[in-house]
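K.L.:
The hints should help you fit chain B onto chain A, whose structure is shown.
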Amino acid sequence: AAGVIQSPRHLIKEKRETATLKCYPIPRHDTVYWYQQGPGQDPQFLISFYEKMQSDKGSIPDRFSAQQFSDYHSELNMSSLELGDSALYFCASGGSSYNEQFFGPGTRLTVL
Amino acid sequence: AQSVTQLDSQVPVFEEAPVELRCNYSSSVSVYLFWYVQYPNQGLQLLLKYLSGSTLVKGINGFEAEFNKSQTSFHLRKPSVHISDTAEYFCAVSPRRNGNKLVFGAGTILRVKS
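From first to last, the protein sequence lines stand for chains A and B.
Every letter in the first sequence is one number past the one before it in our numbering, and letter 62, counting from 1, is 58.
Every letter in the second sequence is one number past the one before it in our numbering, and letter 51, counting from 1, is 165.
Read the hints as simulated data drawn from the structure, not as lab findings.
Every value quoted in this text rests on a predicted model; they were computed, and no experiment measured them.
Please note that the accuracy of each hint is not assured.
[As the list claims (entries may be wrong)] Here are some chain A residues pointing at chain B (derived, C-beta under 7 angstroms):
1. Asp38
2. Pro39
3. Phe41
4. Asp52
5. Phe99
6. Pro101
7. Gly102
Backbone N, C-alpha and C fix where the C-beta goes; we use that ideal spot for every residue, glycine too.
So that you can see chain A by itself, here it is in the shape it has in the complex (with noise of 0.2 angstroms):
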């Protein structure tokens, strides 16, 4: 069965750059929810999108942005990096039909 896709998996950025984090849900899936795990952390909520548009919003810092595509794939832009950015970024998709979500396996960002 087809799963979440995230790409890249690892990134390693220096202070101040950018990073954009990519998520291609499941076919039909038509929410999608984007999650920080810091180090020895739990996840924490940042942004979902529903059809498309932004359904709720977390805890997510101003220099961070993101959007739902027309594909239903999804992008998260995180501006003027900092070293406690250093986390593993989680996409999971579900929606309207489904009481849970499915998780992608991640994309590990290292800030230098």
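P.N.:
Chain B alone, transformed into the frame defined by chain A:
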């Protein structure tokens, strides 16, 4: 708003022994409850979920959990653990409506020793 408390940050246990990982939650609305497992350097895998009905829920890999509404708990159990169960386990809740975000607990690291 919802919050989740996992009462143990680490649980060491010998192989073939039983284990219980504790989870309590707080919410002003009815919730769905989930347990996820995360193996080192991997993503989150759903172990089991409680939506409604029977309060005893069986999941993958021999795990089960019991929903207790009066105690607002959803403890995870396994009668006999294996070395391969060594991982971090997260309890999570979402409001009882499809499409809502998950709120996670801080996680419990299960260390199975031989």
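K.L.:
Quick one: which hint numbers does this structure break? Sort them smallest to largest.
P.N.:
none
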